[in-house]
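For reference, the chains in residue letters:
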Amino acid sequence: MMNFVKLYNKEFMKERKSFVVTLVLLFLAEAFLYSRIGHWPTGIPTFISGMIAFGVGIGAFFNSFDYMGDEWKRSNHYLMLSLPVRGWDIFGAKLAWLMTEFGTHLLLLGAYSAVILLGEARAAEVLTAQLYQGVMAMTWRVYGIMIIPMLYTLASMGILALFAYTVSRTVKQLSFLAKAVGYIVPLWLFSYLAQKVMAVSPSWMHIEMPLVDALALDQLKRGLESSGIVNVDLWGLENAVLGIDMASVVIWAAGMVAIFIFGSWLLENRVEA
Amino acid sequence: MDAILEIKNLKKRYGGRWALNGIDLELNRGDVLGLAGPNGSGKTTMLKIIAGLTYPTEGSVLIAGHKPGPVSKAHTAYLPDVDHIYRWMTVRQAIEYVSGFYDDFDHDRAERLIEFMDVETDMKVAHLSKGMTERLKLVLIMSRNADLILLDEPLGGIDPTSRDKVIYAIATEYRWENSAMIISTHLVRDLEPIFDKVLFLKDGRTALFGNADELRAQHNGSVEDIFREVFA
Chain A
1 MMNFVKLYNK
11 EFMKERKSFV
21 VTLVLLFLAE
31 AFLYSRIGHW
41 PTGIPTFISG
51 MIAFGVGIGA
61 FFNSFDYMGD
71 EWKRSNHYLM
81 LSLPVRGWDI
91 FGAKLAWLMT
101 EFGTHLLLLG
111 AYSAVILLGE
121 ARAAEVLTAQ
131 LYQGVMAMTW
141 RVYGIMIIPM
151 LYTLASMGIL
161 ALFAYTVSRT
171 VKQLSFLAKA
181 VGYIVPLWLF
191 SYLAQKVMAV
201 SPSWMHIEMP
211 LVDALALDQL
221 KRGLESSGIV
231 NVDLWGLENA
241 VLGIDMASVV
251 IWAAGMVAIF
261 IFGSWLLENR
271 VEA
Chain B
1 MDAILEIKNL
11 KKRYGGRWAL
21 NGIDLELNRG
31 DVLGLAGPNG
41 SGKTTMLKII
51 AGLTYPTEGS
61 VLIAGHKPGP
71 VSKAHTAYLP
81 DVDHIYRWMT
91 VRQAIEYVSG
101 FYDDFDHDRA
111 ERLIEFMDVE
121 TDMKVAHLSK
131 GMTERLKLVL
141 IMSRNADLIL
151 LDEPLGGIDP
161 TSRDKVIYAI
171 ATEYRWENSA
181 MIISTHLVRD
191 LEPIFDKVLF
201 LKDGRTALFG
211 NADELRAQHN
221 GSVEDIFREV
231 FA
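Just so you know, the protein sequences line up as chains A and B, in that order. Residue numbers are given in the numbering used here: position 30 of the first sequence equals residue 30, and the series is strictly consecutive. Residue numbers are given in the numbering used here: position 18 of the second sequence equals residue 18, and the series is strictly consecutive.
Hint data in this document are derived by calculation from the structure and do not stem from the laboratory.
Heads up, simulated EDC-like pairs for lysine to aspartate or glutamate below, C-alpha to C-alpha not over 16 Å straight-line:
id : chain 1 : residue 1 : chain 2 : residue 2
1  : B       : Lys-67    : A       : Glu-268
2  : A       : Lys-172   : A       : Glu-272
3  : A       : Lys-73    : B       : Asp-83
4  : A       : Lys-6     : B       : Asp-103
5  : A       : Lys-196   : A       : Asp-245
6  : A       : Lys-10    : B       : Glu-96
7  : B       : Lys-130   : B       : Asp-81
8  : B       : Lys-130   : B       : Asp-159
9  : A       : Lys-6     : B       : Glu-96
10 : A       : Lys-14    : B       : Glu-96
11 : B       : Lys-8     : B       : Glu-26
Full structure from sequences and hints, please.
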């Protein structure tokens, strides 16, 4: 555990300045967008804010390969591989820092987008106080519901990228091809298995929640009715459900754990300097 | 006497070429082995296998009774022939970082070596000259009380001042009774006084191995003279 902490600290020390600079720049960009509410056409600040979050998500994907790859760029892998640490300490520290860095950015960007959306809703001056409360409740529910899948996706992406890069270092030639195979094959395999398992999993593993409850649509409905909009059908969402199949989630998570363990083993036993 | 390093029939193949082909070696505490040979003879590959950074195709390696891996790495101090310290770190940060992983790191010795080597601790590694970087690398290695010390070309590409300091540091800070050391070098003459065993590699095979003093007596010349004779 101590080795993991030391390796994580090293990742933090390396990236701390760019991490803070990015935090500040993103905050300034979002603050600027917030200041444009009422000046720009309605929806544009929220749209751009969403695009920034999307861009950071894409950036996380491309950046995720560098978390391991940077060690090889300047021969630092000689130091990394000569340390008396287990493969999973190295793998885990890099994954944890990736989650810290991009998890923080994406959570904050999600919150910024929600604040800008609510700012736009309030600025439109067509909402009653009760309707505004309804929109606000729904927005934060959506944000809250998105957190777990976002972190789950980020962790999966990080594990696959670290694994793919590690695989690429076990061969002397065609390493780019090995990297692509190391990413695509597990992605396809565990997606396929998750789908197959979902088809046969028992009903008690299908967890469903009415969308009305999940997104506080009742509150929104009351708000709309208070604004004089009666017979609200909530766009047909009253009977919709938010569903998740725990069997497929477990299969995917088990696959990622297996990839994590296998990648750590490769790093400790097969990767050469 | 318990061997610190035992190598049996060590072979390493890259593609169709054998980088090492049947090396046997045993080192005990106090041994200093000079590992010499022309470029591509297998010196670096051999040190990397012992350090656990490359894996043998055949044969076995034991360091203090352990196969190369996380446990053996705690017993081994390895100085590679590349600049492997993180360039974004300061000298002080690099020392703090590396020392954190080894229980045998002697901070007092590190301070003494830093002063002797004249390395500025506030400087970033990226800003160090080649000679300074080599000195820092040696500080990190020689500050440890490791059972086995592996130095791959410690004098490679550095100026005479740095060379003298590196040689002096190796000679004075090495724990002669407690550790074994392997020094791979082209510059046999500079390090010859330190060697008490010599292994010459040629095309991945042992061309010559023996006690340095005995070889000098047999060949009636220095180790460097023998080197020239073997690789002529």
